[in-house]
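Student: Read off the chains here:
Number of protein chains: 2
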Amino acid sequence: MIIDKLNRRMYKTKSFLCVGLDTDHKLIPKRFRKLKHPVFAFNKWIIDQTHQYVIAYKPNIAFYEAASPKGLHQLTRTVSYIRKHYPDIVTICDAKRADIGNSSERYATAIFDKIGFDAVTLNPYLGYDSLEPFLSRKDKACIILCKTSNPGSKDFQDLLVGLIPLWKVVAKTVVEKWNTNNNCMMVVGATYPAELKAVRKIAGDMPFLVPGVGKQGGSIEDVFNNGLTAKKRGVIINSSRGIIYADDPKKEAQLVASSCKAFM
Amino acid sequence: MIIDKLNRRMYKTKSFLCVGLDTDHKLIPKRFRKLKHPVFAFNKWIIDQTHQYVIAYKPNIAFYEAASPKGLHQLTRTVSYIRKHYPDIVTICDAKRADIGNSSERYATAIFDKIGFDAVTLNPYLGYDSLEPFLSRKDKACIILCKTSNPGSKDFQDLLVGLIPLWKVVAKTVVEKWNTNNNCMMVVGATYPAELKAVRKIAGDMPFLVPGVGKQGGSIEDVFNNGLTAKKRGVIINSSRGIIYADDPKKEAQLVASSCKAFM
Numbered sequence: 002m003i004i005d006k007l008n009r010r011m012y013k014t015k016s017f018l019c020v021g022l023d024t025d026h027k028l029i030p031k032r033f034r035k036l037k038h039p040v041f042a043f044n045k046w047i048i049d050q051t052h053q054y055v056i057a058y059k060p061n062i063a064f065y066e067a068a069s070p071k072g073l074h075q076l077t078r079t080v081s082y083i084r085k086h087y088p089d090i091v092t093i094c095d096a097k098r099a100d101i102g103n104s105s106e107r108y109a110t111a112i113f114d115k116i117g118f119d120a121v122t123l124n125p126y127l128g129y130d131s132l133e134p135f136l137s138r139k140d141k142a143c144i145i146l147c148k149t150s151n152p153g154s155k156d157f158q159d160l161l162v163g164l165i166p167l168w169k170v171v172a173k174t175v176v177e178k179w180n181t182n183n184n185c186m187m188v189v190g191a192t193y194p195a196e197l198k199a200v201r202k203i204a205g206d207m208p209f210l211v212p213g214v215g216k217q218g219g220s221i222e223d224v225f226n227n228g229l230t231a232k233k234r235g236v237i238i239n240s241s242r243g244i245i246y247a248d249d250p251k252k253e254a255q256l257v258a259s260s261c262k263a264f265m
Numbered sequence: 002m003i004i005d006k007l008n009r010r011m012y013k014t015k016s017f018l019c020v021g022l023d024t025d026h027k028l029i030p031k032r033f034r035k036l037k038h039p040v041f042a043f044n045k046w047i048i049d050q051t052h053q054y055v056i057a058y059k060p061n062i063a064f065y066e067a068a069s070p071k072g073l074h075q076l077t078r079t080v081s082y083i084r085k086h087y088p089d090i091v092t093i094c095d096a097k098r099a100d101i102g103n104s105s106e107r108y109a110t111a112i113f114d115k116i117g118f119d120a121v122t123l124n125p126y127l128g129y130d131s132l133e134p135f136l137s138r139k140d141k142a143c144i145i146l147c148k149t150s151n152p153g154s155k156d157f158q159d160l161l162v163g164l165i166p167l168w169k170v171v172a173k174t175v176v177e178k179w180n181t182n183n184n185c186m187m188v189v190g191a192t193y194p195a196e197l198k199a200v201r202k203i204a205g206d207m208p209f210l211v212p213g214v215g216k217q218g219g220s221i222e223d224v225f226n227n228g229l230t231a232k233k234r235g236v237i238i239n240s241s242r243g244i245i246y247a248d249d250p251k252k253e254a255q256l257v258a259s260s261c262k263a264f265m
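Keeping their order, the protein sequence lines are chains W and E. Start counting the first sequence at 2; every next residue gets the next number (my numbering). Start counting the second sequence at 2; every next residue gets the next number (my numbering).
Hint data in this document are derived by calculation from the structure and do not stem from the laboratory. Computed from a predicted structure; not experimentally measured. Among these hints, one or two may not hold up.
Same chains, same label: a pair holds when it works inside one copy or across any pair of copies.
[What the hints assert, rightly or not] The calculated EDC-like cross-link candidates involving lysine to aspartate or glutamate, where the alpha carbons are at most 20 Å apart (straight line), are:
no., residue 1, residue 2
1, K155, D130
2, K27, D114
3, K31, D249
4, K115, D25
Just need the whole structure built from these sequences, with the hints factored in.
Tutor: In structure tokens:
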């Protein structure tokens, strides 16, 4: 359901852009800091300027927890605002959660039901039962970390299990065993184009959330050349600081969106 | 520093008991539900009854996020109460966090500085740089998931990397590379005694947080026979529902604590 929503939005906008709303109270322009809900006001401003170029918004919940309890309230307002005014844009909670079933159920309640997100990022290390409370939600989407964009992803994700790296085992497990509700996606970093290509081979039409473009060193061209599906879809390209702290966020979002069109 | 605090408390109480404050508003006795801060009032009652048998309290943050923003406020009150009234008891945030550095920094702020926890549980899948903002905090403790107590821990943690399972690679990495500030501990489930024994061989005197006793099927005897250090210390035995929802939580905590003494 959420993946259909995402695909419809990709077709409509001809964009793959996801804006990361990693909003830090200290980094937003002064004019917002005087307001009652500064982070929400800033997010609303970013959303109103960029929505036409965007398929998804992805707040990283760490930024809101660091300003809790007010921070989480402003996150909930942000998600409600998107749902009300731009209901065809997907909302992704970047939370990288995983816990034993009892606790994961509470996280699913918090993220899907209380705040109202469409999708969440999840960590596979604890295995199937730890993610089951998310995976069983047919009305939501689960984006499982496969090969992350950071340098430390080499520490364990690249270890060889028999002849194949762990990230590939995770990709096969998600595709072959965990996706029974057709609600799975995966995180694959733009900083590792060869891995992106290999995961695409395994995953068919499954969309990938692709962080790591820009400051982290990944290129949009590499993402398109290695991550697109046969139908030239299937990548969600995330940009956070590059857009929200740009002098002109609208122009920046438009630039990324138009660079997408060339590859469609 | 926090590990010293923990060891002092073990010697003083002759107990290894950690009480998991996984408090669900719907499951607490009716008399608390009428109060202004029901979850905090319940936690306070549990803490006041059990503190003399306890080395650590471990709220799982998922339970508080599911009731956010009020839930997180009650969690902060709970941690402040422990710090004020029982300052030699260690507070552990069961959060299983991991993210890229920028976001992990925010989680460290939220958990260590805003709420005020002594320690946090962390997920190793994203590698060193994802946990560096926690590991660099000499004044706090980092408890890294190694072999978790749930059945799904078999899915990836047991995979063989060369000749050794992934959980063993994680244990060696934590001990040999990540513990430069002597502030690391590990999570090893009571449900896997052979693995507990093997991790103890690798980890010397490092304390382990051991969940999975009771309902999940792990036995205290197995934990002592396999997890203790040469000095007969080094395990933090967690019990959550078995104590907080017992008819007489004090008696239950006393029972676990006295069963510890036999092994010291």
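Student: For the identical chains here, do K115 and D25 meet the 20 Å Cα criterion within one copy, between copies, both, or neither?
Tutor: between (22 Å within a copy, 15 Å between copies)
Student: Reference check for the pair K31 and D249, CA-CA at most 20 Å: within, between, both, or neither?
Tutor: within (16 Å within a copy, 54 Å between copies)
Student: For the identical chains here, do K155 and D130 meet the 20 Å Cα criterion within one copy, between copies, both, or neither?
Tutor: between (25 Å within a copy, 10 Å between copies)
Student: Regarding K27 and D114, is the shortest C-alpha distance of 20 Å or less found within a copy, between copies, in both, or in neither?
Tutor: Cα proximity of K27 and D114: across copies only (17 Å, versus 29 Å in one copy).
Of the numbered hints given earlier, the model fails none.
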